[in-house]
Amino acid sequence: MYDVVVIGSGAAGLTAALEAKEQGFSVLVISKNYPTFSQSCQAQGGINAILDESNDSIDDFVSDTFIASRKISNKKRIRKFCELSKDSILWLNKLGVPFTRDENNNIAQRRFGGTSKKRTCYSSDYTGLKIINTLYDTCVKNDIEFLHEEFLLDIAVENGVANAVITLNINKMKVSKYPTSNIILATGGYSNIFSLNTTNSYLTTADGLAIAYKNKAKLSNLEFVQFHPTVLKETNILISESARGEGGYLLDKNSNRFIDELKTRDEVAREVYKRVVKGEEVFLDLRHLGEEKIDELLPQERTIALNFANTDILNEPLSIGVAAHYTMGGILVDENMQTTIKNLYAIGECAQASIHGANRLGGNSLLEVIGLSREVVKSFNKDKIVCNIDIKKYQKEIDELMHKEIKVDFYKVKEQLSQILFEKASIIKSNSSLNEVLEFINEQKNNLKYMGIEDKSTYYNRNLVDFYEFKNLLLISELYIKSAISRNESRGSHYKLDYEYEDESFEKETIIENQDNDAFIYFEEIK
Amino acid sequence: MKIKIKRFNKQKSQDFYIEEFDILNTNTLKALLEVKQNYDKSFSFRYGCKSAVCGSCAIRVNGVEKLACKVKLKENDLIEPLNNFEVIKDLVVNLDKNEHFIKKSNAFLEEFSSNVVTKNDGKLIDLQSNCISCQSCFSSCPVSSINSDFIGPTSLTKVFRYIEDKKESLSKNKLDLIQKNGIWDCTLCGNCTMVCPQGIDSRSDILKLRMKSLQNGYTDPTIQTSFNMEFNPNGF
Ligand SMILES: Cc1cc2nc3c(=O)[nH]c(=O)nc-3n(C[C@H](O)[C@H](O)[C@H](O)COP(=O)(O)OP(=O)(O)OC[C@H]3O[C@@H](n4cnc5c(N)ncnc54)[C@H](O)[C@@H]3O)c2cc1C
Ligand code: SF4
Ligand code: SF4
Ligand code: FES
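These protein sequence lines are chains V and S, in that order.
In case it helps, this note's numbering puts the first sequence at residues 1 to 527.
In case it helps, this note's numbering puts the second sequence at residues 528 to 763.
Hints are supplied without guarantee of correctness; some may be wrong.
[To be verified] No farther apart than 30 Å at their CA atoms in a straight line, the calculated lysine-lysine pairs in the DSS-like style are these:
id, chain 1, residue 1, chain 2, residue 2
1, V, LYS396, S, LYS539
2, V, LYS404, S, LYS599
3, S, LYS650, V, LYS293
4, S, LYS599, V, LYS233
5, V, LYS233, S, LYS597
6, V, LYS274, S, LYS646
7, S, LYS537, V, LYS396
8, V, LYS293, S, LYS533
9, S, LYS650, V, LYS94
10, V, LYS94, S, LYS599
11, V, LYS471, V, LYS174
12, V, LYS141, S, LYS631
13, V, LYS174, V, LYS393
14, S, LYS557, V, LYS445
15, S, LYS557, V, LYS117
16, V, LYS253, V, LYS293
17, V, LYS342, V, LYS293
[Unchecked claim] In silico negatives: residues of chain S with every beta carbon more than 12 Å from chain V:
id, residue
18, GLU546
19, ASP549
20, GLY744
If you're looking for bench data, these hints aren't it; they were derived computationally from the structure.
Nothing here was measured: the structure is a model prediction, and the numbers come from that model.
Yeah, the Cβ is synthetic: ideal placement off N, Cα and C, and Gly gets one too.
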């Protein structure tokens with residue numbers, strides 16, 4: 001039996017695993033892919049920190065983060081998060097992350113939107129990639145045990161206490177249980193409800209949220225989905241905020257700038273989206289930065305534009321659009337990253353830790369992922385645990401799926417879901433458009449009995465995993481819509497045409513509770 | 528457009544077979560998804576970021592390693608799994624070797640030194656640390672095909688990256704670990720360099736590691752071998 005089982009090998013999972021091992025716990029990391037393939041490698045722009053208090057201050061960092069959150073975050077927790085920032089960077093530096101340095105050989109910092117200072121540390125524009133590979137190398141060094149391509153099916157909860165994870169080995173198709181007294185979910189966000197319009201990895205499918213919710217952990221703030229204002233049209237590949245941070249312009253169809261590029265993402269995305277839905281082109285213009293600056297600071301952006309849009313940003317403005325990028329909502333956790341189920345923790349993008357509120361600042365997610373994932377270890381339970389869960393029912397369910405006749409193709413439904421969500425429930429929505437989506441979702445919930453898997457092979461059956469992921473996405477889409485319907489105001493990334501103003505009475509966090517498989521949604525004061 | 532895909536499913540047959548598909552998408556990853564969704568849901572391959580940075584979608588097109596999400600297809604192209612790895616199903620290969628070789632060559636920071644790292648020092652390892660672990664180089668390597676103990680270009684480049692890192696105080700340790708089944712076994716054919724989607728030049732990193740080894744008192748065992756060969760061609 002392991003003291004700690006971590007689900008997910010993105011930056012959050014690897015960090016927690018390293019820290020737990022360092023503190024003397026035995027650790028197992030389970031993940032549906034290989035660590036270096038996790039979405040965290042996609043983070044380009046950087047990670048925020050106060051390195052030198054004579055240039056910048058914790059107070060300013062707290063205030064910028066709180067203002068961006070539109071008052072629905074917890075100032076005390078933000079402060080702790082900001083205070084952890086320097087140590088997080090120094091820790092990464094010590095493991096070998098090659099941060100870009102400035103003229104004085106200090107770790108360089110750039111400016112991101114919504115902040116008053118240059119606060120974002122980076123490794124050119126491959127920050128996430130270098131972090132994840134360094135973390136992984138260190139895990140190998142420290143003999144961390146991994147199970148790769150092992151899919152989380154469920155969590156065992158008895159008498160309100162989580163005591164095991166139940167997984168499916170994708171290759172062997174074997175169901176197993178791993179009893180432990182500390183389960184950490186580090187499974188990433190839910191942007192793939194917008195699967196055709198997201199910058200995220202195909203693997204970011206809300207599994208952790210769905211499984212936590214089904215086991216009656218509370219979720220929170222699901223209506224807050226951040227759209228990124230600069231992605232390549234059609235492919236939805238991100239052009240990092242560092243492009244605007246380094247001085248890039250946004251231009252409309254007449255080549256005029258239409259917004260201060262360094263405003264927060266919600267505002268910039270809305271302005272871009274308004275033009276995109278009218279069928280107008282919007283451009284990101286980087287030409288004036290010059291070749292030297294672009295090649296030193298934005299090499300990945302140049303390559304992406306060349307490879308995926310056939311545009312050389314040195315000579316041409318880049319045609320862009322908007323896409324779902326980061327999900328502020330997630331599994332509700334307290335200051336120790338503990339969920340509302342005992343022994344179950346959530347870290348990284350799958351958690352709602354009351355920091356980002358209605359709008360996350362660029363660079364704050366990686367800081368959450370590193371800083372808070374190291375902290376979680378402090379409250380671990382040291383007792384051994386007994387688990388009586390019988391896992392036969394999971395194998396039986398899979399066997400039944402193998403024999404089920406199929407009338408509806410869930411891959412098609414997944415695309416339809418994404419389309420209708422983007423049209424009616426993305427950057428700008430209203431209660432009537434949200435209700436249309438809810439109707440579609442209810443219809444598909446009904447249709448689930450006609451959906452299933454066509455691949456009948458009993459090894460490496462990715463079709464089966466895709467189906468489980470789809471069901472998780474469908475559930476979280478429903479909760480996203482219901483949360484959005486409940487919040488009758490506009491705040492941060494959540495913008496409703498029928499309530500185009502911030503309403504003080506909604507200065508609260510949304511809480512979603514699973515009551516007899518029905519979502520009960522209410523609002524709680526920020527403590 | 529027609530493309531060919533090398534398939535393998537041990538529950539259907541012990542042999543590989545080539546299957547042809549009619550596809551609309553020219554982007555390889557999209558084409559693979561099209562095949563899976565429209566023709567055969569058992570068709571298996573890996574993918575993630577769709578933006579050429581997670582490294583999970585590496586395959587071979589007409590014998591050359593490519594990232595599926597980045598490369599465009601032409602009529603009659605043949606898609607195959609990576610070489611030098613055990614094929615699990617279709618384009619999915621067993622990648623556990625990567626961890627093994629990182630471990631074997633200490634391709635990580637062993638002991639932190641608080642040396643000052645300058646802006647320029649950082650640039651020395653910038654390219655190598657852009658590695659996306661796609662294993663294209665490993666797949667292209669002829670030595671890996673015949674010697675399963677050969678550490679291979681992915682980890683050797685990583686060793687170079689950590690040896691050159693001013694933050695590492697145990698650089699020499701790593702040199703020790705790559706003398707056998709490492710830098711001297713490489714034929715310097717340059718395949719790895721040719722296929723790297725990140726423009727990393729593993730061949731030249733290996734050459735630099737040889738230089739460093741010589742400077743640190745190691746000897747070049749290949750000189751010994753060719754000397755023996757002149758007198759005893761069967762003497763391996
Ligand atoms: C293109 C892009 C650029 C970004 N740039 C920045 C930036 O510059 N700065 C910043 O701060 N943030 C950035 N972000 C956001 C940031 O990268 C993410 O929020 C962060 O990396 C999330 O890390 P994570 O460890 O929580 O999740 P992930 O990295 O998504 O990892 C999730 C892990 O869980 C595993 N998993 C999921 N479900 C299951 C299951 N059912 N069973 C087993 N395993 C499972 C996955 O395989 C994966 O290993 C960016 C995001 C994107 C998409
Ligand atoms: S140069 Fe060396 S490592 Fe690279 S492919 Fe050739 S033999 Fe392999
Ligand atoms: S060196 Fe290049 S080819 Fe080899 S794994 Fe890294 S990115 Fe891929
Ligand atoms: S899908 Fe990530 S590199 Fe191709």
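Need the list of violated hint numbers for this structure, in ascending order. Those not satisfied are hints 2, 6, 8, 10, 15 and 17.
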